[in-house]
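Q: Listed here are the chains, written in short residue letters.
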Amino acid sequence: MLAHVNVGGNLPSVEKVISQERINRWAELSGDFNLLHVDPAYAAKTPFKGTIAHGPMSLAFLNELMMKCFETDWLNGGILADVRFVSPIRPGDRITVKGFITAISNRHDRHYAECELFVEKQDGTKAVIGRGISPMRISG
Amino acid sequence: MEKPELVFSDLGVGKKFRTLTYPVTMDLVRTFIEVVGDDNPLYEKGLRDGAIAPPGLAAIYARLSYLQDHVMPAGGVLAKQEFEFAAPIRVGDTLTVNAEVVESYVDEKARKRVTQLIHARNQRREVVTTIRLSVIWPK
Numbered sequence: 052m053l054a055h056v057n058v059g060g061n062l063p064s065v066e067k068v069i070s071q072e073r074i075n076r077w078a079e080l081s082g083d084f085n086l087l088h089v090d091p092a093y094a095a096k097t098p099f100k101g102t103i104a105h106g107p108m109s110l111a112f113l114n115e116l117m118m119k120c121f122e123t124d125w126l127n128g129g130i131l132a133d134v135r136f137v138s139p140i141r142p143g144d145r146i147t148v149k150g151f152i153t154a155i156s157n158r159h160d161r162h163y164a165e166c167e168l169f170v171e172k173q174d175g176t177k178a179v180i181g182r183g184i185s186p187m188r189i190s191g
Numbered sequence: 004m005e006k007p008e009l010v011f012s013d014l015g016v017g018k019k020f021r022t023l024t025y026p027v028t029m030d031l032v033r034t035f036i037e038v039v040g041d042d043n044p045l046y047e048k049g050l051r052d053g054a055i056a057p058p059g060l061a062a063i064y065a066r067l068s069y070l071q072d073h074v075m076p077a078g079g080v081l082a083k084q085e086f087e088f089a090a091p092i093r094v095g096d097t098l099t100v101n102a103e104v105v106e107s108y109v110d111e112k113a114r115k116r117v118t119q120l121i122h123a124r125n126q127r128r129e130v131v132t133t134i135r136l137s138v139i140w141p142k
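Line by line, the protein sequences give chains R and F. Okay, so the first sequence: first residue is 52 according to our numbering, each after it adds one. Okay, so the second sequence: first residue is 4 according to our numbering, each after it adds one.
Looking at chain R on its own, in the form it has when it is part of the complex (with noise of 0.2 Å):
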């Protein structure tokens, strides 16, 4: 849970290290045998030029984040919105998921944080942006 919630204040940050082994662990656990991940030899001749992860791993990164943020609050209205996938990951890329958060409102008598998210390379570029929007207690 975070310990202060305020406007710009980054949340903490996940890391990652892709494998083609969790790729392919990935692969069995949702039944996206797609070849375009888990066939190197296949992936190598498309426009990719390799095997990619698969998006929705991407997406229970963010959830894990949102979640180590505002714990069980996220799983009682939290939104995950315009998830974009801007650049593949890789086998052997190291990832950060991150965020920051970029307004705090009121509805209905629930406070919310909005974040920004993004799933970094080692590089610097953004694979994957998002937002998320969690309901939170705020204590005192």
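If you're looking for bench data, these hints aren't it; they were derived computationally from the structure. Fair warning: there could be bad hints in the mix.
Only some residues are given here: those of chain F computed to face chain R with a beta carbon under 10 Å [what the hints assert, rightly or not]:
#	residue
1	L50
2	G53
3	I63
4	L67
5	L81
6	Q84
7	A89
8	G95
Below 25 Å or equal to it, Euclidean Cα-Cα: the simulated PhoX-like pairs (lysine-lysine) are [said to hold, decoys possible]:
#	chain 1	residue 1	chain 2	residue 2
9	F	K115	F	K6
10	F	K18	F	K142
11	F	K18	R	K100
12	F	K6	F	K48
13	F	K142	F	K112
14	F	K6	F	K18
15	F	K19	F	K115
16	F	K83	F	K48
17	F	K83	F	K19
18	F	K142	R	K96
19	F	K48	R	K149
20	F	K6	R	K119
21	F	K83	R	K149
22	F	K48	F	K142
23	R	K96	R	K149
24	R	K177	R	K100
25	F	K112	F	K6
26	F	K6	F	K142
27	F	K115	F	K83
28	R	K177	F	K83
29	F	K142	F	K115
30	F	K83	R	K172
31	F	K48	R	K119
32	F	K48	F	K112
All residues carry an ideal CB built from backbone N, CA and C; glycine is no exception.
Position chain F against the provided structure of chain R, taking the given hints into account.
A: For chain F alone, kept in the frame of chain R given last:
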């Protein structure tokens, strides 16, 4: 027998897919936590019935809800997505997931655009997740 591809001509507005039944088992949650590497203690490592399940599962059951009887043709692009979480899902819950096409058109650049509205309900028929997926369909 191989499943047929799900193509744009199958996806008119109002098209509904058969209900997906998705049991949130301990095995599923444990595997998810391990693959994602999410060590949030709220999930209790999926080791207990009634423990909270990770919300990231939504991306999996959303996709399965329209691909039970078909495969996705290669080259689709997820254009926009929105997930709204209404209530926690717990280990041991059984979800029923329904997908419906709510938008289907060819845009000015001749791209085939399809938006699906997906509702996941728990065994008490409470909506736990609402998902809106907009996809540029490949063929």
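Q: Hints first: check each against the structure and report whether it holds.
A: Do the hints match the structure? See the list:
Taking 10 Å as the C-beta cut-off, the interface hint given for L50/F is violated, the closest approach to chain R being about 17 Å. At its closest, the beta carbon of G53/F sits 13 Å from a beta carbon of chain R; the interface hint therefore is violated under the 10 Å criterion. Hint status for I63/F relative to chain R: holds, with the closest Cβ pair at about 5 Å, below 10 Å. Checking L67/F against chain R by beta carbon gives a least distance of about 6 Å; that is within 10 Å, so the hint holds.
At its closest, the beta carbon of L81/F sits 5 Å from a beta carbon of chain R; the interface hint therefore holds under the 10 Å criterion. The beta carbon of Q84/F comes within 5 Å of a beta carbon in chain R, closer than 10 Å, and the hint placing it at the interface holds. Nearest Cβ of chain R to the Cβ of A89/F: about 7 Å, under the 10 Å cut. The hint holds. At about 16 Å, the closest approach between the beta carbon of G95/F and any beta carbon in chain R exceeds 10 Å, and the interface hint on this residue is violated.
In summary, the hint linking K115/F to K6/F is supported, as the alpha carbons are separated by about 22 Å, within the 25 Å threshold. Under the criterion of a C-alpha separation no larger than 25 Å, the hint pairing K18/F with K142/F is consistent with the structure, at around 17 Å. With a C-alpha separation of about 35 Å, the suggested pair K18/F and K100/R falls outside the 25 Å cut-off, and the hint is violated. Annotation: proposed proximity of K6/F to K48/F is violated, straight-line Cα distance about 34 Å (limit 25 Å).
A threshold of 25 Å between alpha carbons decides the hint, and for K142/F with K112/F the separation of about 14 Å falls inside it, so the pair holds. A C-alpha spacing of about 18 Å is found between K6/F and K18/F, which places the hinted pair at or below 25 Å, so the restraint holds. At most 25 Å may separate the alpha-carbon atoms for a hinted pair to count; K19/F and K115/F meet this at roughly 18 Å. As the CA atoms of K83/F and K48/F are separated by approximately 31 Å, the hinted pair breaks the 25 Å bound.
The suggested pairing of K83/F with K19/F holds, with an alpha-carbon distance near 20 Å, which does not exceed 25 Å. At most 25 Å may separate the alpha-carbon atoms for a hinted pair to count; K142/F and K96/R meet this at roughly 20 Å. Proposed proximity of K48/F and K149/R is supported: the alpha carbons are some 23 Å apart, at most 25 Å. The straight-line distance between the Cα atoms of K6/F and K119/R is roughly 39 Å, outside the 25 Å bound, and the hint therefore fails.
Of the pairs offered as hints, the one joining K83/F and K149/R holds, with about 20 Å between alpha carbons and a cut-off of 25 Å not exceeded. As the CA atoms of K48/F and K142/F are separated by approximately 41 Å, the hinted pair breaks the 25 Å bound. Note on K96/R and K149/R: the hinted pairing is violated, with a Cα-Cα distance of about 32 Å set against a maximum of 25 Å. This hinted pair checks out: K177/R and K100/R have alpha carbons roughly 19 Å apart, not beyond 25 Å.
Distance check on the hinted pair: K112/F and K6/F sit about 30 Å apart at the alpha-carbon level, beyond 25 Å; violated. Under the criterion of a C-alpha separation no larger than 25 Å, the hint pairing K6/F with K142/F is consistent with the structure, at around 16 Å. With a CA separation close to 14 Å, the supplied pair K115/F and K83/F stays within the 25 Å bound. For the hint pairing K177/R with K83/F, the CA-to-CA distance comes to about 16 Å; that is within 25 Å, so the pair holds.
A threshold of 25 Å between alpha carbons decides the hint, and for K142/F with K115/F the separation of about 8 Å falls inside it, so the pair holds. About 21 Å separates the Cα atoms of K83/F and K172/R, which keeps this hinted pair within 25 Å; it holds. For a cut-off of 25 Å, the pair hint linking K48/F to K119/R stands: about 15 Å separates their Cα positions. With a CA separation close to 47 Å, the supplied pair K48/F and K112/F exceeds the 25 Å bound.
Hint violations for this structure: numbers 1, 2, 8, 11, 12, 16, 20, 22, 23, 25, 32, all remaining hints satisfied.
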